[in-house]
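Novice: Protein chains in written order, with numbering that gives the first Met the number 0: chain G, 0 to 342; chain V, 0 to 150; chain L, 0 to 665.
Hints are computed from structural coordinates only; laboratory data are not their basis.
Among the hints, erroneous ones may be present.
Only pairs whose alpha carbons sit at most 20 Å apart, straight line, appear in this in silico DMTMM-like list of lysine to aspartate or glutamate [as the list claims (entries may be wrong)]:
#: 1; chain 1: L; residue 1: K120; chain 2: V; residue 2: E16
#: 2; chain 1: G; residue 1: K26; chain 2: G; residue 2: D188
#: 3; chain 1: L; residue 1: K247; chain 2: L; residue 2: D324
#: 4; chain 1: V; residue 1: K149; chain 2: G; residue 2: E340
#: 5; chain 1: V; residue 1: K139; chain 2: G; residue 2: E217
#: 6; chain 1: G; residue 1: K11; chain 2: G; residue 2: D188
#: 7; chain 1: V; residue 1: K132; chain 2: G; residue 2: D188
Spelled out from the first residue to the last, the chains are:
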Amino acid sequence: MVKFMGLETENKEIENNLREIARELLKEKKVDVIIGYKKGTLPLLSQPIIIDSEEDIDKLIWNNLCYVNLAKYLVPRVPRFVDPEKGNLTVGVVSKGCVGRALIHLASENKINLDEIKIIGIPCNGVVNRQRIEMEIGEKEILEVSVLGNNIIVKGKNFEKEFPFDEYMNDLCKVCKIRKPPLVSKVPDLCVGECEEYSNIVDEFTDIEEFDSKTPKEKWQHISEALSVCTRCYACREACPMCYCNLCFVDQNKPVWFGKTTDLPDIIVYHLIRAMHMAGRCVACGACSLVCPMGIDLNIINRKLEKIVKERFDFTSGLDPDALPPMVNFKMEDAQEFMLEED
Amino acid sequence: MTEPIVETKQSENKEWEPKIIAFLCNWCSYAGADLAGVSRIQYPSNIRIVRVPCSGRINAYFIIKSLTDGWDGVIVSGCHPGDCHYISGNLVARRRFAILKELLEFFGIEAGRINFMWASAAEGERFAVLVRKATEIVKKLGPNTKFDKKW
Amino acid sequence: MTETDIKISIMANEKPRIGVYVCHCGVNIGGVVSVPDLVEYAKTLPDVTVGREYKFFCSDVGQKMIKEDIEAGLINRVVVAACSPRMHEPTFRITCKEAGLNQFLFEMANIREHSTWVHMKDTEGAYEVAKDHIRLAIAKARELAPLAVQKVNVEPTCLIIGAGITGMNAALDLTSAGYKVYLVERSATIGGHMAQLDKTFPTMDCSSCILTPKMSEISRDKNIELLTYSEVVEVTGYIGNFEVTIKKKPHYIDQVKCNGCGICVDPCPISVGNEFELGLATRKAIYIPFPQAVPSQYTIDMDSCVECGICAREDVCEPGAINYDDKPEFITVKIGTIIVATGYDEYDPSGLKQYGYGKYPNVITGLQMERLLSSFGPVVGKPVKPSDLKDPHSIAFLQCVGSRNFREGGNKYCSRVCCMYATKQARQYKEKHPEADIYIFYMDIRAFGKGYEEFYESAARDYGINYVRGRIAEIRENPLNHNIIIRAEDTLLQQPIEVEVELFVLSTGIEPKADSDSITTLLRIQKSADGFFLEAHPKLRPVDTLTEGIFIAGVSQGPKDIPDSVAQAKGAASSAIGLMAKGEVEIEPFFAVVHSDRCSGCGMCIQNCAYGAIEFVDDRSFGTIASINIALCKGCGACSGNCRSSAIDIIGFSSEQLHSMITKRV
Numbered sequence: 000m001v002k003f004m005g006l007e008t009e010n011k012e013i014e015n016n017l018r019e020i021a022r023e024l025l026k027e028k029k030v031d032v033i034i035g036y037k038k039g040t041l042p043l044l045s046q047p048i049i050i051d052s053e054e055d056i057d058k059l060i061w062n063n064l065c066y067v068n069l070a071k072y073l074v075p076r077v078p079r080f081v082d083p084e085k086g087n088l089t090v091g092v093v094s095k096g097c098v099g100r101a102l103i104h105l106a107s108e109n110k111i112n113l114d115e116i117k118i119i120g121i122p123c124n125g126v127v128n129r130q131r132i133e134m135e136i137g138e139k140e141i142l143e144v145s146v147l148g149n150n151i152i153v154k155g156k157n158f159e160k161e162f163p164f165d166e167y168m169n170d171l172c173k174v175c176k177i178r179k180p181p182l183v184s185k186v187p188d189l190c191v192g193e194c195e196e197y198s199n200i201v202d203e204f205t206d207i208e209e210f211d212s213k214t215p216k217e218k219w220q221h222i223s224e225a226l227s228v229c230t231r232c233y234a235c236r237e238a239c240p241m242c243y244c245n246l247c248f249v250d251q252n253k254p255v256w257f258g259k260t261t262d263l264p265d266i267i268v269y270h271l272i273r274a275m276h277m278a279g280r281c282v283a284c285g286a287c288s289l290v291c292p293m294g295i296d297l298n299i300i301n302r303k304l305e306k307i308v309k310e311r312f313d314f315t316s317g318l319d320p321d322a323l324p325p326m327v328n329f330k331m332e333d334a335q336e337f338m339l340e341e342d
Numbered sequence: 000m001t002e003p004i005v006e007t008k009q010s011e012n013k014e015w016e017p018k019i020i021a022f023l024c025n026w027c028s029y030a031g032a033d034l035a036g037v038s039r040i041q042y043p044s045n046i047r048i049v050r051v052p053c054s055g056r057i058n059a060y061f062i063i064k065s066l067t068d069g070w071d072g073v074i075v076s077g078c079h080p081g082d083c084h085y086i087s088g089n090l091v092a093r094r095r096f097a098i099l100k101e102l103l104e105f106f107g108i109e110a111g112r113i114n115f116m117w118a119s120a121a122e123g124e125r126f127a128v129l130v131r132k133a134t135e136i137v138k139k140l141g142p143n144t145k146f147d148k149k150w
Numbered sequence: 000m001t002e003t004d005i006k007i008s009i010m011a012n013e014k015p016r017i018g019v020y021v022c023h024c025g026v027n028i029g030g031v032v033s034v035p036d037l038v039e040y041a042k043t044l045p046d047v048t049v050g051r052e053y054k055f056f057c058s059d060v061g062q063k064m065i066k067e068d069i070e071a072g073l074i075n076r077v078v079v080a081a082c083s084p085r086m087h088e089p090t091f092r093i094t095c096k097e098a099g100l101n102q103f104l105f106e107m108a109n110i111r112e113h114s115t116w117v118h119m120k121d122t123e124g125a126y127e128v129a130k131d132h133i134r135l136a137i138a139k140a141r142e143l144a145p146l147a148v149q150k151v152n153v154e155p156t157c158l159i160i161g162a163g164i165t166g167m168n169a170a171l172d173l174t175s176a177g178y179k180v181y182l183v184e185r186s187a188t189i190g191g192h193m194a195q196l197d198k199t200f201p202t203m204d205c206s207s208c209i210l211t212p213k214m215s216e217i218s219r220d221k222n223i224e225l226l227t228y229s230e231v232v233e234v235t236g237y238i239g240n241f242e243v244t245i246k247k248k249p250h251y252i253d254q255v256k257c258n259g260c261g262i263c264v265d266p267c268p269i270s271v272g273n274e275f276e277l278g279l280a281t282r283k284a285i286y287i288p289f290p291q292a293v294p295s296q297y298t299i300d301m302d303s304c305v306e307c308g309i310c311a312r313e314d315v316c317e318p319g320a321i322n323y324d325d326k327p328e329f330i331t332v333k334i335g336t337i338i339v340a341t342g343y344d345e346y347d348p349s350g351l352k353q354y355g356y357g358k359y360p361n362v363i364t365g366l367q368m369e370r371l372l373s374s375f376g377p378v379v380g381k382p383v384k385p386s387d388l389k390d391p392h393s394i395a396f397l398q399c400v401g402s403r404n405f406r407e408g409g410n411k412y413c414s415r416v417c418c419m420y421a422t423k424q425a426r427q428y429k430e431k432h433p434e435a436d437i438y439i440f441y442m443d444i445r446a447f448g449k450g451y452e453e454f455y456e457s458a459a460r461d462y463g464i465n466y467v468r469g470r471i472a473e474i475r476e477n478p479l480n481h482n483i484i485i486r487a488e489d490t491l492l493q494q495p496i497e498v499e500v501e502l503f504v505l506s507t508g509i510e511p512k513a514d515s516d517s518i519t520t521l522l523r524i525q526k527s528a529d530g531f532f533l534e535a536h537p538k539l540r541p542v543d544t545l546t547e548g549i550f551i552a553g554v555s556q557g558p559k560d561i562p563d564s565v566a567q568a569k570g571a572a573s574s575a576i577g578l579m580a581k582g583e584v585e586i587e588p589f590f591a592v593v594h595s596d597r598c599s600g601c602g603m604c605i606q607n608c609a610y611g612a613i614e615f616v617d618d619r620s621f622g623t624i625a626s627i628n629i630a631l632c633k634g635c636g637a638c639s640g641n642c643r644s645s646a647i648d649i650i651g652f653s654s655e656q657l658h659s660m661i662t663k664r665v
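Chain G with its partners taken away, still in its complex shape (with noise of 0.2 Å):
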């Protein structure tokens, strides 16, 4: 039997299981409405789906391709998240690790109130990098896909393509120690299906080990010749559950700070800024990488700022929503190598 547009997982366990829950949720009106994963229209995709009705319970699948942040529908909600009478509705997210810890974040920085979402936990054992694959693949298109044991088995016309699973599986998704949604012990019954506590998280960071040791010249090569095809379509931005700001800085005027053209300095700033911005709040779920158009890797920025923020502050977010972020916060005795003394 050939299945289209599907994905064949051994993640069934994992599928139903949440069905069963979010059957649940629905029934007894813990929730007013779930947000999850439905299948995607092409291979390789999912789409984010959300139901009020038991009835479309069975559209919700989990699998290796359930790469969308869905706290990204709650800030600012979407419509169907609010009612004209009742306001502000109970949703249910189906939440891998970094969901649940986008929503954590969300609500230390007062956009999610935690008593008006459940978390659905799942554990996540990574997404697969799509565009990698694509990029292998080629301009041959791509009718079938499915992840069998290690093997992520691609199908088109006349060809089939293995690829193993742990090695074109995200970045981020390699190092993650996060796979379950963090639970939260000021609000216990934030989390249904599996959360799980994280007391002290110890990353070595070793995968940026590589590219620290670089030199500056190579650093910036590296750097430039990958955000040099940025188009600045800021898919990155619409796809990152805390790019929530009313106006950006890049379409800021009075005063305009940054060009907004594609020259490599205006990109390159706009890079830089961003990650600024996202030191302290990325919550390493890599989709700014992966609706990446031009198959950027941001997940490099994204893993070094959690490197600052570890060493430095010892913080990781989106585990605690009353910790202080660090750009917020500060230390008498924090580290100031970096400040310019005399000899």
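Based on these hints, arrange chains V and L on the given structure of chain G.
Specialist: Frame of chain G, contents of chains V and L only:
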């Protein structure tokens, strides 16, 4: 529209001199720079001083904009930790600067162009010493061309 | 709309016409760079309609030139290129105001402190810097907007920290002008170091005789809230409206019940070193600092007390005033002005091993000598050698101990009192022991005050005190009799000398209070390189700090003697009175503002604000956004520095103003 207006033309036989924009907090470092003046402590004529209320006022935009607009270096100087006129502006700023500096390094942009320092109202000598040092660092890096535009 | 508002809105809509005034400042600027060239350069910049030069724009004539241009309608923005704005910004703002221009349409280019004075030998460089600073100032001037000044009330109450002779004098001046004073002293008595002195130079009048009446005057004054054994722990607010929290440390004795009979002292079994007597005598764990202490209150030193309970016995303390469970008390008061008069610490010479202080019994400090000479001191004014408690037949003083030392770790400044107090102490001893040999080893004698030189002359001439110019090379102790053997070089006679004396007095200098950092942190004031508090201007504003409404006086600002301290106290008091008499002050309207349309309500600024000046409000069009309470905002910009969407801006240092300076475009 955005081409730098500053005349960067140098006479042939003269060594290239960097231009550095220095954001000084009103209460400590600006006063420290004033004291350097009053005490006639000499330092290189490479910095151009912009007064701000507090180092906490310095948004990353100011620093990056300075680089894109052709300044060869940036100095941000505030009160020593614990001495901030506004209690904690410099401490909030310190985290911001730490991240910015690391990110610039990561991007391969010469992080040495950006120098953060503390200098109190009484430290005219220290201010001059650090300006001298920052100028040397920037001078070694050469002209800031990373952000030169094609168009 | 008030008249000012209308005027402001008209000014805001006018196209900038900038007048640039480049000051020669005598030769300070004009002697290094070509002022006419700077003027010509400025005139080439956009929107500059007038460019002028003058010797001194801060003078009447100079200001008049600016006024005439404003009044003639030639200009609506003023840029003065001269000294630091911290020097003359207020001057020129008034100039603008008097000519009918909004005072905030003025900008200053600092081409003296930041150019000609620091690049004196690099005239080309200085010229470039001056040019750029003028261009930057013009760039900012083009973005300036007229602003309405903010007036705030000044609470008619002054806080004085430190109740030594300086704080006390300031307090009395303030109450005599009708203002309320909170006088906070950390030790259990007022009087400060002056209470430890015996006589004062050069008049030889008894320190206590002039101090104690002041002390009781303080305690009687109804307008002085005297808070001894108390410390200021928190200061918030701003000029005219400080909120000050004061901690009253527990005395462990109910001060209302205690009748000051002092019966409790004798039975107390614990004896410790007496701070007031600098360790030359002991005191009990329950004590009064000295008999004339004001207020006459007893205190239990809980660090030493073992709570044996003797003093609490009914037969010891009849009123039952002892309370071992006494707790600190906190009071918060509203204050208009603050005077800091926290005084000094005596230099501790233990570190100077070569002088044997702490090692040889007969080496003492100047302040200890003062206690030995004091008629109510441990030996009732008859100095003795600590080794055998006999009168010394010979005394040597060593000057500049801990002062004028340019080596690592030394204090570079002159402590200004040691020459005279050593002379005074020598004279005092000579008066009673004319036969004694007295030597004063000095580097230079500094006798600069009124009557000081005469005092010194007479000491040498009439009292036969031997002044020896030369530093002491080494001293050692004669093991037989604890005498001190001094080897020095008399640099006037150019020959080595050796003398053996029975008492060796180190004329120790003055140091900033060891914990003066806590005051700078508390009040947001600065220290100068020597560690004393920094004045706003070394000559013209010697008692002002850079924080408006806070003044400094006495030795906390720098070493000085009693008359100078009192003079500063009076200066600080009159400055504080000036502010309070007006009842209101104008403050720069430099606050944060929120651009509602840009704010996404992330709340970063709320966390960043050290003053709690930002809160969320529900805006009809933009939802939950930040809003500034300008009564609390200080305009520091910490909020704006972190704002991702530039939704918060700072008036006076706005993004557009700074942007225009950064882009260097004009």
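Novice: Assess, step by step, whether the Cα of L:K120 is no farther than 20 Å from the Cα of V:E16, and give holds or violated.
Specialist: The given pair, whose Cα atoms are some 16 Å apart, holds under the 20 Å limit.
Novice: Given the hinted pair L:K247 and L:D324, is their alpha-carbon gap at most 20 Å?
Specialist: Since the Cα atoms of L:K247 and L:D324 sit roughly 14 Å apart, the hinted pair holds (cutoff 20 Å).
Novice: Check the hint pairing G:K26 with G:D188 against an upper bound of 20 Å on the C-alpha distance.
Specialist: Within the cut-off at roughly 17 Å; holds.
Novice: Checking one constraint from the list: CA of V:K149 to CA of G:E340, max 20 Å. Satisfied?
Specialist: 37 Å, violated
Novice: Is the hinted pair G:K11 and G:D188 satisfied, with a Cα-Cα distance of at most 20 Å?
Specialist: 25 Å, violated
Novice: Under the criterion that the straight-line Cα-Cα distance not exceed 20 Å, is the pair V:K132, G:D188 satisfied?
Specialist: 57 Å, violated
Novice: Next pair to validate is V:K139 with G:E217; report whether the Cα-Cα distance is within 20 Å.
Specialist: Holds: V:K139 and G:E217 sit about 19 Å apart, inside 20 Å.
The structure fails hints 4, 6, 7 (numbered hints given earlier, in ascending order).
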